[in-house]
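A.B. asks: So the protein sequences, as listed, match chains A and B. If you read the first sequence in this note's numbering, its first letter stands for residue 1387, the second for the next number, and so on. If you read the second sequence in this note's numbering, its first letter stands for residue 2, the second for the next number, and so on.
Worth flagging that the hints you see were computed from the coordinates, not collected in a lab. Wrong hints could be hidden among the right ones.
[Stated by the list, open to error] Computed footprint of chain B on chain A; a stretch qualifies when at least three of its residues, placed anywhere within it, have a C-beta under 8 Å from a C-beta of chain B:
1) 1398-1409
2) 1499-1506
[What the hints assert, rightly or not] Below, a list of computed lysine-lysine pairs in the PhoX-like style, where the Cα atoms sit at most 25 Å apart:
3) A:LYS1389 to B:LYS119
4) B:LYS109 to A:LYS1447
5) A:LYS1454 to A:LYS1465
6) A:LYS1526 to A:LYS1462
7) B:LYS109 to A:LYS1389
8) A:LYS1501 to A:LYS1454
9) B:LYS109 to B:LYS119
10) A:LYS1454 to B:LYS14
11) A:LYS1465 to A:LYS1526
12) A:LYS1528 to B:LYS14
Think of the CB as a built atom: it goes at the ideal place given N, C-alpha and C, for glycine as much as any other residue.
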Amino acid sequence: MMKRVLAPVIALGVPVLGAISDAQESIQLAIAELWPTIPHQLCQFHVLREASRPIYEQDRKLKVEMRKPIQERVRKVRKQLEQQRQTATGPEAEQVAVLADYALGVQTAINLEGKQPFDYAGIAVYDALIAIQRSLEEVKKKGQQ
Amino acid sequence: MCHRWDSSIEQVKRMRAWVLAAEHILDGSWAEREEEVTNQQVGQRFDAWYRELQALAQSGMLHDDEQHCLAHFLQVLAHLRPHLIHCYDVAQFPRTNNEMEGYIRAIKTRYRRISGRKNWDAYLLRYGRRVAYYEWWARVGSTSAEA
């Protein structure tokens, strides 16, 4: 089948200097048969994606684990803040707006996505949550001074 | 709040470092001069690094999850190694087909919209050759015709 697909390329009669493919065996076999002497490169991105599959899966599970306990709480907090925002005035309104931004930040953080093989959602979520936590600690410190 | 996940995240970060290390070797960014990036040089670096990871896998120092992930990582790389490092000795030979896949995906999206169908298989069978030829001509042919 793959040889039939590649037949028009052979019919063109142009020199083929090399081939690149993902790791599909049918393509590998067809290229080896049709152009036995050319370099055949496997897409390195595909190779690393396949090699890192269990690592990525572990990261994904971790993201779900982190998101689960936070998601419901942050929704409630945002709802609560939205209600407060409607009645708050003056400095309280400013404070509520800042807290709403933080809550939105947390919501955004727990929904960050990854992309195999290099970007990991679990790590991104964790780093973002840590950054928010540090920022909140700073705010708390300033408030106490 | 987040510290209960510290050790699990550290573990994933350690494992991601294997992937990034492989990418660093394969992308040739370690070389001071472009000429140094050859199949032989990249291959030597890659194989030396692979042996280090093999030693790590055999050290018995890893957590079960890490051991499992590393075993898979090494197995896939060993299996695909014969075709992994061939692109460096041929000028302009890409090491990934991402660009090509992205190009094909963009064409498919555009013509699916043009065809007005959710599934454009029938359109593809009827007009696919012309679409491919036109897209090629629009990208390369028009510039060479001007020259």
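A.B. asks: Now look at each hint and say whether the structure bears it out.
C.D. replies: Status of each hint after checking the structure:
A stretch counts as covered by a chain when three or more of its residues have a beta carbon under 8 Å from one of that chain; for the segment 1398-1409 of chain A and chain B the count is 6, and the coverage holds. Residues of the segment 1499-1506 of chain A with a Cβ under 8 Å from some Cβ of chain B number 3, which satisfies the need for three, so the listed coverage holds. With a C-alpha separation of about 30 Å, the suggested pair A:LYS1389 and B:LYS119 falls outside the 25 Å cut-off, and the hint is violated. Restraint check for B:LYS109 and A:LYS1447: not satisfied, since their Cα atoms lie roughly 33 Å apart, outside the 25 Å limit.
Restraint check for A:LYS1454 and A:LYS1465: the C-alpha separation of about 18 Å stays at or below 25 Å, so the hint holds. Our distance criterion of 25 Å between C-alpha atoms is met by A:LYS1526 and A:LYS1462, whose separation comes to about 22 Å. Restraint check for B:LYS109 and A:LYS1389: the C-alpha separation of about 23 Å stays at or below 25 Å, so the hint holds. For the hint linking A:LYS1501 to A:LYS1454, the alpha-carbon distance of about 21 Å falls within 25 Å, and the restraint holds.
Restraint check for B:LYS109 and B:LYS119: satisfied, since their Cα atoms lie roughly 11 Å apart, inside the 25 Å limit. For the hint linking A:LYS1454 to B:LYS14, the alpha-carbon distance of about 21 Å falls within 25 Å, and the restraint holds. Of the supplied pair hints, the one linking A:LYS1465 and A:LYS1526 holds, its CA atoms being roughly 22 Å apart against a limit of 25 Å. Restraint check for A:LYS1528 and B:LYS14: the C-alpha separation of about 33 Å exceeds 25 Å, so the hint is violated.
In this structure, the hints that do not hold are numbers 3, 4 and 12, in rising order.
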